[in-house]
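Asks: Got chain X; can you put chain D on it based on the hints?
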Amino acid sequence: MAVVFEKPHALTDAVLHYCPGCPHGIVHRLVAEAIDELGIEGKTIGIAPVGCSVMAYDYFRCDMVEAAHGRAPAVATGIKRCMPDNVVFTYQGDGDLASIGLCETVSTACRGENITIIFINNAIYGMTGGQMAPTSLLGQVTQTSPYGRDPKTQGYPIKICELLSTLDAPAYLERVTVTDVKNVKNAKRAIKKAFQNQIEGKGFSLVEVLSACPTNWGMTPTDALQWVTDKMVPVYPLGCFRDKE
Amino acid sequence: MSEKVLMKGNEALAEAAIIAGCRHYFGYPITPQTEVAAYMAKRMPKIGGTFLQAESEIAAINMVYGAASTGHRAMTSSSSPGISLKCEGISYLAGADLPALIINVQRGGPGLGGIQPGQSDYFLATRGPGHGDFHVLVFAPSGVQEMADLTLKAFDLAEKYRMPSMILADGTMGQMMEPVVLPEPQESHNDLSWAVTGTNMEREHNIVNSLYLQPQDLEDMNNQRFARYAEIEKKEAMWEEFMMEDAEICVVSYGITARIARNAINEARKQGIKVGMIRPITLWPFPKAPLAAAADKVKHFVCVELNMGQMKEDVELAISCKKPVDLCYRVGGMIPSPTEVLEAIKKAM
Chain X
1 MAVVFEKPHA LTDAVLHYCP GCPHGIVHRL VAEAIDELGI EGKTIGIAPV
51 GCSVMAYDYF RCDMVEAAHG RAPAVATGIK RCMPDNVVFT YQGDGDLASI
101 GLCETVSTAC RGENITIIFI NNAIYGMTGG QMAPTSLLGQ VTQTSPYGRD
151 PKTQGYPIKI CELLSTLDAP AYLERVTVTD VKNVKNAKRA IKKAFQNQIE
201 GKGFSLVEVL SACPTNWGMT PTDALQWVTD KMVPVYPLGC FRDKE
Chain D
1 MSEKVLMKGN EALAEAAIIA GCRHYFGYPI TPQTEVAAYM AKRMPKIGGT
51 FLQAESEIAA INMVYGAAST GHRAMTSSSS PGISLKCEGI SYLAGADLPA
101 LIINVQRGGP GLGGIQPGQS DYFLATRGPG HGDFHVLVFA PSGVQEMADL
151 TLKAFDLAEK YRMPSMILAD GTMGQMMEPV VLPEPQESHN DLSWAVTGTN
201 MEREHNIVNS LYLQPQDLED MNNQRFARYA EIEKKEAMWE EFMMEDAEIC
251 VVSYGITARI ARNAINEARK QGIKVGMIRP ITLWPFPKAP LAAAADKVKH
301 FVCVELNMGQ MKEDVELAIS CKKPVDLCYR VGGMIPSPTE VLEAIKKAM
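Chains X and D are the protein sequences, given in the same order.
Under our numbering, the letters of the first sequence match residues 1 to 245, in that order.
Under our numbering, the letters of the second sequence match residues 1 to 349, in that order.
This is chain X alone, in the form it adopts within the complex (with noise of 0.2 Å):
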């Protein structure tokens, strides 16, 4: 009989702790799926952030290190430049990512860095039970926006791959989305792209994924993935915003 589908090879039988319907699952495998078909699971060094997907370590098959909060970038920095044959990538959430670490962000991306980031953005503080996060929409509410994100207090959502495009290092920047089969392919083709970018030594690359948080958003799954299309891709349009060949 022949195996038309399988679970990818870089991801460990680990039961995901993440929530039903949760995004990150999705993503963890177009991760692993990219890792399989380049054929470099056994040179690839990945870095779990603080957030939901702490525990990516033990979902990777790769070798795998657990970072500080908003710090993986800086992590990698010092992985790829020790071992620069080595494929490095971060997976981080918009608090780690956009908030606590953006200075690592900017400053990693600044200097072109040869890594790949996966960056999940879910308008939201998972981990710690939904808190707002730097890219929370205007009037979202939150366990620390309960009155609706306020723009005259709490100021605006960061858009970093617009952020990172005004830099003139980074290679490649895409911003695209998990909600339906489509726009999971085309995730999976960034991904992969930003894999092949780091192996052809182009330079620093992140995918930013626009996902869903059922759970701290207090909505169905299928709700959460519409409150994506509806509300956050306004503010977050999908698509490349830089590619250098």
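Honestly, the hints are just simulated from the structure, not real lab data.
Among the hints, erroneous ones may be present.
[What the hints assert, rightly or not] With a cut-off of at most 25 Å between alpha-carbon atoms, the simulated SDA-like pairs for lysine to any residue come out as follows:
1. X:K192 x D:M201
2. X:K193 x D:M201
3. D:K42 x X:C110
4. X:K43 x D:R203
5. D:K234 x D:E313
6. D:K299 x D:G333
7. X:K43 x D:M201
8. X:K193 x D:T197
9. D:K274 x D:A292
[Unchecked claim] What follows is a set of in silico ranges between Cβ atoms, one per label pair, in the way DEER data are often shown:
10. D:P29 x X:H17: 41 to 47 Å
11. D:L218 x X:G155: 33 to 39 Å
12. D:L213 x X:E245: 40 to 46 Å
13. X:G25 x D:M308: 51 to 57 Å
14. X:G155 x D:K4: 56 to 62 Å
15. X:D168 x D:P29: 21 to 27 Å
16. D:K299 x X:M127: 58 to 64 Å
17. X:E245 x D:M221: 44 to 50 Å
18. D:D133 x X:V141: 37 to 43 Å
[Stated by the list, open to error] Some chain D residues flagged as far from chain X (calculated, every beta-carbon gap over 12 Å):
19. I19
20. M238
21. E245
22. D326
23. S337
The structure displayed is predicted, hence computed values, not measured ones.
Note that beta-carbon positions come from the ideal geometry of N, C-alpha and C, so glycine has one too.
Replies: Okay, now just chain D, sitting in the frame of chain X:
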């Protein structure tokens, strides 16, 4: 390599790190350690190493964490306010059992403090610089030769015991010039099988991590680590004894103040005062045994340090408060003169 060269402490330390096999330096400019970074910026590109001026002290220590994860010898250097920022990363290094070298060329504090020499990060260094229960190996050089020699030792022991090492120098040690014989490289046989280097599809994945969500697992990890610390306390304490044979007064001092105290002791001996010194070379592990032994022989201890009496507490603990312990100190970048130390010795008679 056996000939003497005239070098600044910071530069001797940097060259010694290269001799120790360190090829990855990550730092951020701050006085009075900047010569270390400048030296590395010049040397590393010539020997195929990495010099990276990080965006912050925090990024620098996390780059060290990444580099250390791969089993490479890596280091950062800073001065007091910068070390405060690195504490998060040092705690993660300790929690993930990673070897690395952190240099603290101390200045006066707290806050922005000053840029003149200090020893006021003694507690910070010896109690575990960061959150959680842990220690780092702490070395206190008292001359340019030791700046070089202890750097090799610090790398080796860090790797052997899988924990961070810190050279706790004071600004004087970094800035002073002395003749130094650069140490010979040593072979290292430390186990690095835990490092993340890529599985090469030949082994299970290695994970560098300090997260343990099961309380029992985390307690076990802490107990394991402290069992290692107990072994280190037994085996690795370093100190020097000076004129202790017949001493009735024991001066305890490290770094620059030990040099000043030595002058004061020589002068006191000329005046017939029976005084000697125990100079801790490691501040953690603290040389408790020689101090405890001295407590049975001497009448009085005098601590000389550039802080408000931080090591004094360790001396009192080491001797179980059996004998009185006086403190001779200056802070804020001020340094006591030999006469001031001599006065303190006379007061203790």
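Asks: A separate judgement is required for each hint: does it hold in the structure or not?
Replies: Going down the list of hints, with the structure as the test:
A hinted pair counts as satisfied when its Cα atoms are at most 25 Å apart, and K192 (chain X) with M201 (chain D) qualifies at roughly 20 Å. For the proposed pair K193 (chain X) and M201 (chain D), the alpha carbon gap of about 23 Å is at most 25 Å, so the pair holds. At most 25 Å may separate the alpha-carbon atoms for a hinted pair to count; K42 (chain D) and C110 (chain X) meet this at roughly 22 Å. Between K43 (chain X) and R203 (chain D) the alpha-carbon distance is near 12 Å, which keeps this suggested pair within the 25 Å criterion.
About 20 Å separates the Cα atoms of K234 (chain D) and E313 (chain D), which keeps this hinted pair within 25 Å; it holds. With a C-alpha separation of about 31 Å, the suggested pair K299 (chain D) and G333 (chain D) falls outside the 25 Å cut-off, and the hint is violated. Restraint check for K43 (chain X) and M201 (chain D): the C-alpha separation of about 8 Å stays at or below 25 Å, so the hint holds. For the suggested pair K193 (chain X) and T197 (chain D), the alpha carbons sit about 23 Å apart, so the restraint of at most 25 Å is met.
For the suggested pair K274 (chain D) and A292 (chain D), the alpha carbons sit about 19 Å apart, so the restraint of at most 25 Å is met. Between P29 (chain D) and H17 (chain X) the beta carbons are some 42 Å apart, a value that agrees with the proposed interval 41 to 47 Å. Range check, L218 (chain D) to G155 (chain X): about 36 Å between beta-carbon atoms, so the 33 to 39 Å window is met. Checked against the hint of 40 to 46 Å, the C-beta distance between L213 (chain D) and E245 (chain X) comes to roughly 44 Å, which is consistent with it.
Checked against the hint of 51 to 57 Å, the pair G25 (chain X) and M308 (chain D) passes, with Cβ atoms roughly 55 Å apart. In this structure the hint that G155 (chain X) and K4 (chain D) lie 56 to 62 Å apart at CB holds, the actual value being about 60 Å. Judged by the Cβ atoms, the range 21 to 27 Å given for D168 (chain X) and P29 (chain D) holds: they are separated by roughly 23 Å. Against the hinted window of 58 to 64 Å, the Cβ-Cβ separation of K299 (chain D) and M127 (chain X) comes to about 59 Å, which satisfies the hint.
For E245 (chain X) and M221 (chain D), the Cβ-Cβ distance of about 48 Å falls inside the hinted range of 44 to 50 Å, so the restraint holds. The beta-carbon spacing between D133 (chain D) and V141 (chain X), approximately 39 Å, falls within the hinted interval of 37 to 43 Å. Distance check for I19 (chain D) against chain X: the nearest CB is about 19 Å away, which clears 12 Å, and the non-interface claim stands. Non-interface status of M238 (chain D) relative to chain X is upheld: no Cβ of that chain comes within 12 Å, the nearest being about 30 Å off.
For E245 (chain D), the non-interface assignment is confirmed: its Cβ lies about 49 Å from the closest Cβ of chain X, beyond the 12 Å cut-off. With a cut of 12 Å on Cβ distances, D326 (chain D) stays outside the contact zone with chain X, its closest approach being about 42 Å. The claim that S337 (chain D) is not at the interface with chain X holds, since no C-beta of that chain comes within 12 Å of its own (minimum 44 Å).
Of the hints listed earlier, the one the structure fails to meet is number 6.
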